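Engineer: Read in order, the letters of the sequence shown are residues 10 to 145 in our numbering.
The hints are simulated quantities; they were obtained by calculation from the structure and are not laboratory data.
Model, not experiment: these values are computed from the prediction.
Warning: the hint list may mix true and false statements.
The following label-pair restraints were derived from C-beta to C-beta distances [unchecked claim]:
{"#": "1", "residue 1": "Pro92", "residue 2": "Leu113", "range": "47 to 55 Å"}
{"#": "2", "residue 1": "Glu119", "residue 2": "Val53", "range": "33 to 41 Å"}
{"#": "3", "residue 1": "Ile30", "residue 2": "Gln128", "range": "29 to 37 Å"}
Virtual Cβ for every residue (Gly too), placed ideally from N, Cα, C.
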Amino acid sequence: MLRPTLDEVLANVIASFDDIIKPDITDPYAASIALTISNLLRHVRARAEHEPSALWDDNRDLRQLLTELGVEAPAPRPNDEYPGVPALIAEAIGLRTTLDGFVLAQPGDERVLAYLGRQLERQRPWMVEAWEGPRR
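Generate the whole structure from the sequences, applying the supplied hints.
Structural biologist: Right, here's the structure in full:
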């Protein structure tokens, strides 16, 4: 049974669009839109690959920071449970809401700024690298 991965499917969609459809686009506005579509597809591919583990790591990092700050955080997941992206996002929202409350009460904590830097680095593959190259 053929069972392509999500990455393989996205790679083929991107290649088909870039190699077959995009070269025949001559209208300048349509060509500009085609570049946007290519970038969005690369973004989706990178996000699908990197976001689950980045969310998992970020939630663990944020929970540890909240504990260090003396703030009660939502209970952690069991170590052997690796949830899907929707569950990770829901957990991240709860943790981030807790952090937001701390920041409002005590702005400027260097530990929070360091965490935010780590969070941005984890997002780099789909927020920066996927957008490198030609774009409109």
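Engineer: Please name the hints from earlier in the document that this structure breaks, with their numbers sorted from lowest to highest.
Structural biologist: Of the numbered hints given earlier, the structure breaks just one, which is hint 1.
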